[in-house]
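With chain X's structure known, arrange chain C on it following the hints.
Chain residues, written in single-letter form:
Protein chains: 2
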Amino acid sequence: MRKIGVAILGLGVVGGGTYEILAKNREKMQDTYGYDIEVIAVMDKNQERLAELSIPKEAFAKSIMEVAMNPDVHIVVETIGGITIAKEFVTACLECGKTVVTANKEMIAKNFIELHNLARQNNAGLYYEASCVGGTPIIRTIVDSMQGNDIESITGIVNGTTNYILSKMSDEGCSYQDALAQAQALGFAEADPTSDVEGFDSMYKLSILTSLSFNGEVAIDNIKCEGISSIQKEDIAYGKELGYTIKLLAIGKKTPKGIDVRVHPTLIKKKNPLAAVDGAFNGVKIVGDAVGEIMLYGKGAGALPTGSAIVSDILYASKFLESDHYYPTLSKAFKNNKFTFTNDYDCSYYIRLLVADKLGVLGQVGKWLSSEGVSVREIRQKDKNAEGLNTILLTTHETTERKLNNAMEKLKDYQDICKVGAVIRVE
Amino acid sequence: MRKIGVAILGLGVVGGGTYEILAKNREKMQDTYGYDIEVIAVMDKNQERLAELSIPKEAFAKSIMEVAMNPDVHIVVETIGGITIAKEFVTACLECGKTVVTANKEMIAKNFIELHNLARQNNAGLYYEASCVGGTPIIRTIVDSMQGNDIESITGIVNGTTNYILSKMSDEGCSYQDALAQAQALGFAEADPTSDVEGFDSMYKLSILTSLSFNGEVAIDNIKCEGISSIQKEDIAYGKELGYTIKLLAIGKKTPKGIDVRVHPTLIKKKNPLAAVDGAFNGVKIVGDAVGEIMLYGKGAGALPTGSAIVSDILYASKFLESDHYYPTLSKAFKNNKFTFTNDYDCSYYIRLLVADKLGVLGQVGKWLSSEGVSVREIRQKDKNAEGLNTILLTTHETTERKLNNAMEKLKDYQDICKVGAVIRVE
Chain X
440 MRKIGVAILG
450 LGVVGGGTYE
460 ILAKNREKMQ
470 DTYGYDIEVI
480 AVMDKNQERL
490 AELSIPKEAF
500 AKSIMEVAMN
510 PDVHIVVETI
520 GGITIAKEFV
530 TACLECGKTV
540 VTANKEMIAK
550 NFIELHNLAR
560 QNNAGLYYEA
570 SCVGGTPIIR
580 TIVDSMQGND
590 IESITGIVNG
600 TTNYILSKMS
610 DEGCSYQDAL
620 AQAQALGFAE
630 ADPTSDVEGF
640 DSMYKLSILT
650 SLSFNGEVAI
660 DNIKCEGISS
670 IQKEDIAYGK
680 ELGYTIKLLA
690 IGKKTPKGID
700 VRVHPTLIKK
710 KNPLAAVDGA
720 FNGVKIVGDA
730 VGEIMLYGKG
740 AGALPTGSAI
750 VSDILYASKF
760 LESDHYYPTL
770 SKAFKNNKFT
780 FTNDYDCSYY
790 IRLLVADKLG
800 VLGQVGKWLS
810 SEGVSVREIR
820 QKDKNAEGLN
830 TILLTTHETT
840 ERKLNNAMEK
850 LKDYQDICKV
860 GAVIRVE
Chain C
440 MRKIGVAILG
450 LGVVGGGTYE
460 ILAKNREKMQ
470 DTYGYDIEVI
480 AVMDKNQERL
490 AELSIPKEAF
500 AKSIMEVAMN
510 PDVHIVVETI
520 GGITIAKEFV
530 TACLECGKTV
540 VTANKEMIAK
550 NFIELHNLAR
560 QNNAGLYYEA
570 SCVGGTPIIR
580 TIVDSMQGND
590 IESITGIVNG
600 TTNYILSKMS
610 DEGCSYQDAL
620 AQAQALGFAE
630 ADPTSDVEGF
640 DSMYKLSILT
650 SLSFNGEVAI
660 DNIKCEGISS
670 IQKEDIAYGK
680 ELGYTIKLLA
690 IGKKTPKGID
700 VRVHPTLIKK
710 KNPLAAVDGA
720 FNGVKIVGDA
730 VGEIMLYGKG
740 AGALPTGSAI
750 VSDILYASKF
760 LESDHYYPTL
770 SKAFKNNKFT
780 FTNDYDCSYY
790 IRLLVADKLG
800 VLGQVGKWLS
810 SEGVSVREIR
820 QKDKNAEGLN
830 TILLTTHETT
840 ERKLNNAMEK
850 LKDYQDICKV
860 GAVIRVE
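Just so you know, the sequences run in chain order X and C. Going by our numbering, the first sequence wraps up at 866, each residue one higher than the last. Going by our numbering, the second sequence wraps up at 866, each residue one higher than the last.
In isolation and in its complexed conformation, chain X is listed as follows (with noise of 0.2 Å):
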């Protein structure tokens, strides 16, 4: 039986699921799979935890050149987190021919092509399912199903942070903070939640995966990009009684005018398959010429549904140790589509606008947006609020950000509408 050594970076709360996972199911992998997988080397800052995940001392690595330079070692596991050690500890091991595998979407989405290069030069694997969707297969389903399609969009929740605080405002009709707050107690939201809040994690995953799906470049700084931390909960309220659920969306699309790729809270109808997607799980949809829609499911984080990633990619990559790794950026199609990306989507709004209690408001709304070419679907008076300024929600037609821009601008003219409460785009 093919013995495949196997070393962890990092025995955080990833790291240790894995190896909890890989120790249960050894003898099961081997009896299924033909292959002995052995966690035969491991680093971590603290000591302590070889003892609490029953790690026999001699697996402890002082070094990641002990690591890397172990000829027993063929496939080093990166939980470590973070993008300096880990790039660096990677950087190596990839260097010495070690296949990687990692959960790590924000080393992956910020050196996509170097790392892939590295990797081929030292004929080493680069695998990453556990980087976007937990132990939901959603790059192997872009690369090992989707062949045969040209994928038009993928459209997805992919943080399970933002998507449990959006769900419990929605649900119990709390504040973003009270509901960040509870996120954080349970451990659903780091004590420093600005990489989930304000949707860089989305941006990270959207990166890799449009990437893959459209085969070329999209990185990062292509991206436009908003988070939850501004969503006020009337809006959630209001945006239910008209019939929509709010959710954090990492969209990519191919335009006529070219990739158009953003992470923005987006109003969604209630019919939507992704409204359903509720608390801490992610849904992706990709829609590919030949396919057609689908949807995948599933829980985005944890330390046993990455875990589960992570030993599937270990298994994967051992199939391919002896002949041929993919490497999506090296094809010829990757290198040749350089991507023209565009800001200048069609989308529709919700807008809520705080006005004058006086005859005629309404009327001077319509005017304000249809001056500037944008066409309202709907328009709800509701009652006057404690500053005696009556509240009116709108939703537009599709119209683009460019006018929609122009018309916020163009709105000090009209006196009477007081304030914007909030602008939301509404696929």
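Calculated directly from the structure, the hints in this document are not laboratory data. For clarity, every value in this text was computed on a predicted model and none was experimentally measured. Be aware that a few hints might be false.
Said to hold, decoys possible - Within a straight-line C-alpha distance of at most 30 Å, the following computed DSBU-like cross-link-like pairs (lysine-lysine) qualify: (1) X:K708 to C:K710; (2) C:K679 to X:K710; (3) C:K467 to X:K771; (4) X:K758 to C:K549; (5) C:K672 to X:K710; (6) X:K672 to C:K708; (7) X:K709 to C:K467; (8) C:K771 to X:K467; (9) X:K692 to C:K467; (10) X:K758 to C:K442; (11) X:K692 to C:K463; (12) C:K710 to X:K679.
As the list claims (entries may be wrong) - Residues from chain C shown here face chain X by an in silico Cβ test under 8 Å; the list is partial: (13) N654; (14) V730; (15) K738.
Unchecked claim - A few chain X residues that don't get close to chain C, going by computed Cβ distances all over 12 Å: (16) N485; (17) I494; (18) D589; (19) A748; (20) L754; (21) K851; (22) I856.
Ideal placement from N, C-alpha and C gives every residue a C-beta, glycine not left out.
Coordinates of chain C only, in the frame set by chain X:
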């Protein structure tokens, strides 16, 4: 560049769709995956299909041996359907060492072990992603993405025809016969719809998916199978009223009593993600001990979705033409897993009764069920029908099929309970 010669047996809807995807994407697949995939042989009863699909005449093979013995053919796509000729042709090709890609669920389900063994003996691959859930990568997910999991259950809507009919009945309140006629008119159901509506198609798929998921033989004889042809439109309406949607589910579960595998119409709660799988779409939920719950959703049939899965198998198989294909049935784990099967599972039931318009009948119903150990969850009395009988709807708490059957047999002791309108499982 590696040249891969493909033969297509059967140029019907799916075979033709496959040809079109391969022809359209040939250059893109060369540039992305480094394989030049060319269809160099085809077989079909109807030679006119060659002209319709612009296939060069010299590709037309006169006999299966001409294909099987052609040294330039590496992969044979079987899209004939049925099991007689299809199996004969596939056997001939495997015996000559050709890798086979097929969408034929009945052939695979009925010959799962035989065909895998034949493939292994001849060092040929056998791939059938297209046999289940069209272009949605359900088989790849089980085999290549959940290796570190103990799969606990698989539950799915795996037949688009019946899902279309049930969705139609639910949306429009029409009868089974009317919905079937519409499905036939639109090409969603065949002239003889038996295999779909009686659940056989779902049963074949469940046999394949559970054999792979549970890693042992689940032959179709072990699957309890019930179709949708006796579903009444009033039960769909009453189900809605109680908060349920009706779906034909294929269910495979590991239980302490054994493997529980069955296909039957089922009432599911509206919040169940499978309830949102409408029309010709399919959806499959898999629960693994590490990954938790994941769900895949997509079109279950049609020329292009199925063709997409076949093309993905061709490209996937191409990677293994010179190394080792994977034969699930030959693993030690598969051989060791001799399953016990059980029909003794716990489940709730929806029952519609027609009863005499008399005082105390509701009490009789309660007495009847409780005397058999079946506990009622909810009971509702509806208006009188044309025959002067009252309708009683009830749902039970979880009980076993044995207890329920015993209760149904004792019904004759209660003369005021005149007729059983429907008994439908609730998940």
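Hints and how they fare:
Of the supplied pair hints, the one linking X:K708 and C:K710 holds, its CA atoms being roughly 16 Å apart against a limit of 30 Å. Only pairs whose Cα atoms come within 30 Å are accepted, and C:K679 paired with X:K710 is accepted, the gap being roughly 17 Å. Proximity of C:K467 to X:K771 is assessed by CA-CA distance (about 9 Å); at most 30 Å being required, the pair is judged to hold. Taking the CA atoms of X:K758 and C:K549, the gap is about 29 Å. The hint holds against a cut of 30 Å.
The suggested pairing of C:K672 with X:K710 holds, with an alpha-carbon distance near 23 Å, which does not exceed 30 Å. Between X:K672 and C:K708 the CA atoms are separated by roughly 28 Å; this keeps the pair inside 30 Å, and the hint holds. Restraint check for X:K709 and C:K467: the C-alpha separation of about 37 Å exceeds 30 Å, so the hint is violated. For the suggested pair C:K771 and X:K467, the alpha carbons sit about 9 Å apart, so the restraint of at most 30 Å is met.
With a C-alpha separation of about 19 Å, the suggested pairing of X:K692 with C:K467 holds against the 30 Å cut-off. Simply put, X:K758 and C:K442 have alpha-carbon atoms about 22 Å apart, close enough for the 30 Å limit, and the pair holds. Of the pairs offered as hints, the one joining X:K692 and C:K463 holds, with about 21 Å between alpha carbons and a cut-off of 30 Å not exceeded. With a C-alpha separation of about 17 Å, the suggested pairing of C:K710 with X:K679 holds against the 30 Å cut-off.
The beta carbon of C:N654 is positioned within 8 Å of a beta carbon in chain X (closest approach about 6 Å), and the interface hint is therefore held. Against a cut-off of 8 Å between C-beta atoms, the interface hint on C:V730 holds, since the closest Cβ of chain X lies about 3 Å away. The beta carbon of C:K738 comes within 5 Å of a beta carbon in chain X, closer than 8 Å, and the hint placing it at the interface holds. Listed as a non-interface residue, X:N485 keeps its Cβ farther than 12 Å from every Cβ of chain C; the least gap is roughly 24 Å.
Here X:I494 stays apart from chain C, with its beta-carbon at least about 18 Å from theirs, past the 12 Å limit. Not every CB of chain C is more than 12 Å from the CB of X:D589 (nearest about 8 Å), against its label as outside the interface. Consistency note on X:A748: stated as away from chain C, yet its beta-carbon is not over 12 Å from all of that chain's, at 7 Å minimum. X:L754, annotated as away from the interface, has a beta carbon of chain C within 12 Å; the closest lies near 4 Å.
Chain C leaves X:K851 outside its interface by the beta-carbon criterion, the shortest separation being 44 Å against a cut-off of 12 Å. No Cβ of chain C approaches the Cβ of X:I856 within 12 Å, the least distance being about 39 Å, so the stated non-interface status holds.
Checked against the numbered hints given earlier, the structure breaks hints 7, 18, 19 and 20 and satisfies all the rest.
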